[in-house]
Amino acid sequence: VRKEYSQHYKELAESRKSINAPVKIEASLIPLNTDREEVIILGSAGQRIVTAGEILCLAGLSAGLNATQKNDYPITVLRGHSISELVLSSEEIGFTGILNPDVIVALSQEGVERRKNFFDTL
Numbered sequence: 045v046r047k048e049y050s051q052h053y054k055e056l057a058e059s060r061k062s063i064n065a066p067v068k069i070e071a072s073l074i075p076l077n078t079d080r081e082e083v084i085i086l087g088s089a090g091q092r093i094v095t096a097g098e099i100l101c102l103a104g105l106s107a108g109l110n111a112t113q114k115n116d117y118p119i120t121v122l123r124g125h126s127i128s129e130l131v132l133s134s135e136e137i138g139f140t141g142i143l144n145p146d147v148i149v150a151l152s153q154e155g156v157e158r159r160k161n162f163f164d165t166l
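Per our numbering, residue 45 is the first one in the sequence shown, and the count goes up by one each step.
None of these hints come from the bench; they were simulated from the model. Fair warning: there could be bad hints in the mix.
Restricting the straight-line Cα-Cα distance to at most 30 angstroms, the calculated cross-link-like pairs of lysine-lysine (DSBU-like) are [to be verified]:
#1 K47 <-> K68
#2 K114 <-> K160
#3 K114 <-> K47
Have a look at the derived ranges for each label pair, beta carbon to beta carbon [claimed, not checked]:
#4 E55 <-> I119: 33 to 41 angstroms
#5 I63 <-> L166: 18 to 26 angstroms
#6 D164 <-> T78: 27 to 35 angstroms
#7 A103 <-> K160: 24 to 32 angstroms
#8 A57 <-> L143: 40 to 48 angstroms
Here a beta-carbon is modelled for each residue, glycine too, at the ideal position from N, C-alpha and C.
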């Protein structure tokens, strides 16, 4: 006879080792600017755009800032655009959208075409 699902799941889950908490990044630098900074990195698939965005967020966290990252890319492999939108701020970030980027890093035409509306606000 099979055990009731939720009870069996609970028993199995309790026997598992707990997961460690994520590593906390301690502030070790002083930020030059504490205002909200909106950064957008535009590129193509395979250019490590998401990784570049993650590194920039980690740098902000190391300076004691709050950071958010939103990525946009199609499901195809090594084709199409790749975009990373970042917000860095000393204040809590409630809205993660980018309306008027402070910095645009444009590395390929595919990314630029996908977010060409941002260039009208510059």
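* Does the structure break any of the earlier hints, and which numbers would those be? -> Of the numbered hints, 1, 3 and 5 do not hold.
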